[in-house]
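Novice: Using the sequences provided together with the hints, build the complete structure.
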Amino acid sequence: MSASTVPASSWDRVRGYAPPPRYLPVVATFALFVGLYGVGGMRYEGLSDPQVLLSLLLDNAFLIVLAVGMTFVILTGGIDLSVGSVVALSTMIAARTLELGWSPYLSIVAVLLTGTLLGLLMGVLVHYFQIQPFVATLAGLFLARGLTYLISVKSISITDPTFTSLAFKTVYFGEYYLRWTAIVALLTVVVAAFVLARTRFGRTVYAIGGNESSAVLMGLRVAATKVGVYVISGFCASLAGLLFSLYILSGNSLHAVGMELDAIAAVVIGGTLLTGGRGYVLGSLLGVLVLGMIKTIIAFDGTLSSYWMRIITGLLLLAFVVVQRFATRRQR
Amino acid sequence: MTQLARSKAVAPPGTDRPPVIEMRDITISFGAVTALDRVSVRLFPGEVHALMGENGAGKSTLIKALTGVYTVDDGTVLVDGERHEFHSPAASQAAGISTVYQEVNLVPNLTVAENMMLGREPRRFGAIDVRAMNRAARKTLLHLGLDVDPATVLEDHPIAVQQLVAIARAVGVQAKVLILDEPTSSLDADEVEKLFAVMRRLREEGVAIVFVSHFLDQVYEIADRMTILRNGRLVEERMVAQTPRLELVRLMIGRELETLERLDRAPRTEAEGGAPLLTAIGLGRKNSLEATDLQLFEGEVVGIAGLLGSGRTELARLLYGADHADTGELTVRSERRRLRNPRQALARKIAFSSENRKAEGIVGDLTVADNMLLALQASRGWLRPVPQATRTRLVRDYIEALDIRPADPTALMRNLSGGNQQKVLLARWLIVQPEILILDEPTRGIDIGAKAQIQAKVAELAEKGLSVVFISAELEEVLRLSDRLVVMRDRHKIDERPNDDVSVRDVLEIIAGEAREQGDRDA
Amino acid sequence: MPEPTLVRRALRHPLLWPVLALLVLLLVNVVVNPSFLSVRMQDGHLYGNVIDIIRNSAPVMLVALGMTLVIATRGIDLSVGAIAAIAAAVACTRIVGAGDEGALVTAVMAVTYALVVCLLLGAWNGFLVAVLGIQPIIATLILMVAGRGISMAITDGQITTVNNPWFSDLASGFVLTLPLAFLVAFGMLLLTAALTRRTALGMLIEAVGINPEASRLAGVRSRTIIWTVYAFSGLCAGLAGLVIAANTNSVNANSLGLWIELDAILAVVIGGTSLMGGRFSLAGTFVGALFIATLTRTIPNIGIPSEVNYLFKAIVVIAVCLLQSPRARAMLRPRRRRPTPAPVIAKAGSPA
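Residue numbers (this note's numbering), protein chains in the order written: chain A, 4 to 335; chain B, 214 to 736; chain C, 82 to 433.
No wet-lab data here; the hints were simulated from the structure.
Some hints could be false.
[As the list claims (entries may be wrong)] Reference excerpt, derived from the structure (chain A facing chain B, CB under 8 Å, subset only): (1) 46; (2) 47; (3) 51; (4) 120; (5) 203; (6) 213; (7) 218; (8) 220; (9) 221; (10) 222; (11) 223; (12) 226; (13) 227; (14) 278; (15) 281; (16) 298.
[To be verified] Derived CB-CB ranges, DEER-like: (17) B:606 - C:294: 54 to 62 Å; (18) B:625 - C:412: 23 to 31 Å; (19) C:278 - B:627: 20 to 28 Å; (20) A:120 - B:366: 48 to 56 Å.
[Unchecked claim] Footprint (simulated), chain C over chain B, 3 or more residues, beta carbon under 8 Å: (21) 447–453; (22) 589–598.
Backbone N, C-alpha and C define an ideal beta-carbon position, used for all residues, glycine too.
Specialist: Now the structure itself:
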């Protein structure tokens, strides 16, 4: 009688806390990540080192940025298949312009401008000409890949001192370290999360994904927003391309083949609904980390071949898509 | 002009104020079809104005003209005496016209507050101030007497609350005119009361409310004035209190000139039938049809009369398995089994022609021949195509028998007129040789010649032993064809009688009379 | 009604534009290289650019045949490239692992085995779409992601090289002076045509694609139909993968059939089948596949690095889609008195 009537301790409140259902997918992804890290840490010596976590960010910086852009597009119910090719194009533009002796800053601007313009083009095709997103961005995929080959069929390595110093610029936290690229990626996530949660543009993105015709009837700026998400995705793809070229220090037409699939998978595993309207960039970040963790575990194991990565990604994708399908069906 | 002169006479008493909206001689056509033909409507501040009419009367088109979804071909729209042309929903909203549609037009995945404030959220330093937004939303909700937490996600609320949130959004933009297009179709009685309380409050504040509903009780309870439309034309503008229900129903349904020959049919008596071919007991579905019984005998035509939304279409769909029934049982011949899908119905020789010809009937890009043979082919499976000779013969025979024009089996279905499309659909179902044929508004929106032909064909088939469930908004037609009459209202059957010397007036009285009784009781 | 003249009928024929585009492309080649169209006979085989084009068009044509049917049902199959890679991997490992690597029976067994696997994979896609009701683009994305991993798992991540003359004939063999690969694709075209137009499958596919609800009410088994077309698409993709593998006598799971889904979709769209589903044209797809193969050949012929072909494909995709887009057409047409009151938003619910 005495002990049990004591008001619920804060621990009880924590224990009894149930997150709102809309956060469940992100929580699930987080749990998956923690679980993988825990199991991996127990099985493989050295994996539990916190630097492994930081390296995840570092090795996947470009994918994080790519997934952020993709999240915007998928939230409106669209899809962007062009991002892998835009990454390749970006590495090529950076490599080629630097080879021609451009200032590295000018080269960065050229890369970002190209990606943004390609995004704009696709957005206009999708919204104003009502071409299905996957077809319009498929055109974008071909276009970017074609332009890459047009610049050079061969691989060009990047030797510009500014670029290489940027690539290896490191921030230390005690004995652990991060590279600049990872910080740029995290900043992108923060900015994107703010835009989606707290700006009119961001809320309109969700509204379009929830019900586009309602959004039109509510008098929202649907056209600008729908074109806008493709512009953002294009920009993010070129930024990811820059990060990728810093990571790999070369421009090559064969870079990033199929990377759009990794980005889409990360977004879906992060709990964003492919039909639009539901999801968070934080989830996409976690999605990338889950994929990265699996890759790390496969690397630590040594006996597993790298192709398992794709198969596991496919299985995760399947699981999330099927669960989402039944979750949304029950709501109706 | 005469219409307008007459409507002047019924300006609401006590309002010397000019109308807030005046639509004069509005005409809208889609290709060759005129959806609205010189219709005039006036809205006064502080009134609830009901827009009445059956399917195809032009209610939706009128509303869409006012909300800027459709562009007006001819005629003028005056807002506070000033001419306006609306080319987009945004333009109409800017003029103070807000609309709440039957399908909740909000975004299910955002919060209640966001749904109310989206597009005009309070901002601080460029960021949405969520707290201020929730506060403002709560204020509006409380003002309307609604206790809803603005921070909750919209889709977690029942449809009724979503509907009220939609109204709250509409009100929040300082609407002068609020259009409610069938807002009550998915609400239960309590929820309707809540909605009406909100409407009354807004009326007192001087908002002009346009109200569309299929429920006569509701119209009589809440509306002050009404405009009745039929076939895209203005019938009359009336004060609700001075219009008996019977007259309203008559005005809505209208009478067709008796140009059609009477169909001579030997009256059938139930004794002939023996055991019923089909028996439904307590067949019902949530939010669409309350438990309903129905029997159908061989060679009998059962006519279902009732207004739009009365449950007539819903019953037909349950009989065919087009929708799943939640309750009740269905016995076809002696087999007791609820139908789960159309295939099961077809296997039991039941055929159903939907009232929605375009969305659920025709396959526009296929040929007339393919459309005719679709059901037969579906029942045979793709591996066994209908032999070419049979195909040619069937198509030729039915084109001839139903006088389908053009008499070209290779013509694309979408290029045919409505009447001919309907004949092709009739042929589609006759080709599978059903024993029970359910026809839901088979003559809607088609020319008078085709209408007579279809009616004659139905009578002829019934003579040959086919059992028919015939649904139509036109009472004359139902009476002319049916042996037995079922009257429906507010989602259930209210009357059933053999059709001997039943007049249109009798049926109107059943539809309206019941309504009056219930209305009186409620009041 | 006056009898339409031959010219007028030709002008209205849906194949007019694809065929014209193909002819223009050939003309460009002839201008650059006057002997482009010449074909010579050698050892009982025909040789020449045209023969190369029809031979190279085989994989895309095969994939596009299945894709045409899938698209007609309002679907899409993104997994065809991955399925092609799996087919090649299965066949090649079977051949390598067989007792007599060079025997005809080995090749036949391997090919059969691979095709059965692909049929199952296609059926899996169909299951996700027809039974679970997942959007086609999402459902087939799953296999698109996992497929190359599966293919690598089968070959154990190695580039597997085979040595079986019968198998390589699939790509480089000649029968009746024509390349076997083309004959296989053409045979498949005829088979598909027979399957859809001699049975009722084609009509039912179109009905489901044009108006799913009307079809349901008419008792069409749309599930079975959808299931069938995805399985068929898997089969076609598998066959394409085998032709590609036979061409190099090897399988590289990473690159085999890469982006072939995009080429196939392009071929279908060029052929006049709308991505919105409904009426389909197998002849159009045939011309579309030839167009793509010709385009791929044209680019090096006019002195541009062949890899840049993607750029031209992008332009073709955009051009074709714009031509099909009602909005773009409306902009091209001279403005009428007033725009048709096109519903800005199609309101669901009861009409009028």
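Novice: Next step is simple, just say for each hint if it's right about the structure.
Specialist: Here is how each hint holds up against the structure:
no., hint, in the structure
1, 46, "violated (39 Å)"
2, 47, "violated (40 Å)"
3, 51, "violated (38 Å)"
4, 120, "violated (26 Å)"
5, 203, "holds (6 Å)"
6, 213, "holds (4 Å)"
7, 218, "holds (7 Å)"
8, 220, "holds (5 Å)"
9, 221, "holds (6 Å)"
10, 222, "holds (4 Å)"
11, 223, "holds (5 Å)"
12, 226, "violated (11 Å)"
13, 227, "violated (12 Å)"
14, 278, "violated (10 Å)"
15, 281, "holds (6 Å)"
16, 298, "violated (32 Å)"
17, B:606 - C:294: 54 to 62 Å, "violated (29 Å)"
18, B:625 - C:412: 23 to 31 Å, "holds (26 Å)"
19, C:278 - B:627: 20 to 28 Å, "holds (21 Å)"
20, A:120 - B:366: 48 to 56 Å, "violated (37 Å)"
21, 447–453, "violated (count 0)"
22, 589–598, "holds (count 9)"
Checked against the numbered hints given earlier, this structure breaks hints 1, 2, 3, 4, 12, 13, 14, 16, 17, 20 and 21; the rest are met.
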